[in-house]
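Positions in the sequence shown are counted from 1; adding 5 to them yields our numbering.
It should be emphasised that the hints constitute simulated quantities derived from the structure, not laboratory data.
Owing to the predicted nature of the structure, the values given are computational and were not obtained by experimental measurement.
Some hints here could point you the wrong way.
Derived Cβ-Cβ restraints for the label pairs, each shown as a range [unchecked claim]:
1. Ser64 with Gln91: 12 to 22 Å
2. Glu87 with Ile107: 34 to 44 Å
3. Glu106 with Asp68: 30 to 40 Å
4. Ser65 with Gly99: 30 to 40 Å
5. Asp104 with Met60: 31 to 41 Å
6. Gly99 with Val73: 36 to 46 Å
7. Thr96 with Pro71: 18 to 28 Å
8. Met60 with Gln93: 21 to 31 Å
9. Ile40 with Pro71: 17 to 27 Å
10. Ile107 with Arg83: 35 to 45 Å
11. Asp72 with Gly99: 40 to 50 Å
12. Glu94 with Asp68: 34 to 44 Å
Think of the CB as a built atom: it goes at the ideal place given N, C-alpha and C, for glycine as much as any other residue.
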Amino acid sequence: MKPWRNVTRNCLLAILLLLAGAGGFPAVAQESERIAAVINDDIISIRDLEERMKMAIISSRLDNSPDVRRRLIPQLLRKLIEEKLQLQEATRRGIHVLDNEIG
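Start from the sequences, fold in the hints, and give me the full structure.
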């Protein structure tokens, strides 16, 4: 019985450590994983939209202001939706592109 007691104690300790370490993170993870759009069986998360926004602001050298971000959201979301639809259609048609074919 003693070996099982040690295993049980160690498992409980590991679970407690994991829970203690994850204390503040669930709310952050939930916020960034919220759904921005649903495209058939696929989703675009808030995180996807935020990453695209960062890329657009940096590459276009735009001001990272609330007004600019507010104007970009609908455009970027529409573009992400179009990309998902194109990928879904390519998959439906059996079109596969290898990395070395992209140039």
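We went through each hint and held it up to the structure:
In this structure the supplied range 12 to 22 Å holds for Ser64 paired with Gln91, their Cβ-Cβ distance being about 21 Å. For the pair Glu87 and Ile107, the beta carbons lie near 19 Å from each other, so the given range of 34 to 44 Å is not met. The given range of 30 to 40 Å is respected by Glu106 and Asp68, whose C-beta atoms sit roughly 38 Å from each other. Judged by the Cβ atoms, the range 30 to 40 Å given for Ser65 and Gly99 holds: they are separated by roughly 35 Å.
A hinted range of 31 to 41 Å is violated for the C-beta pair Asp104 and Met60, which are about 20 Å apart. Our hint of 36 to 46 Å for Gly99 and Val73 holds, since their Cβ atoms are close to 40 Å apart. Take Thr96 and Pro71: their Cβ atoms lie about 37 Å apart, and the range 18 to 28 Å is violated. The given range of 21 to 31 Å is respected by Met60 and Gln93, whose C-beta atoms sit roughly 22 Å from each other.
For the pair Ile40 and Pro71, the beta carbons lie near 22 Å from each other, so the given range of 17 to 27 Å is met. For Ile107 and Arg83, the Cβ-Cβ distance of about 24 Å falls outside the hinted range of 35 to 45 Å, so the restraint is violated. Checked against the hint of 40 to 50 Å, the C-beta distance between Asp72 and Gly99 comes to roughly 44 Å, which is consistent with it. Hint check: Glu94 to Asp68, Cβ distance near 36 Å, so the stated range 34 to 44 Å holds.
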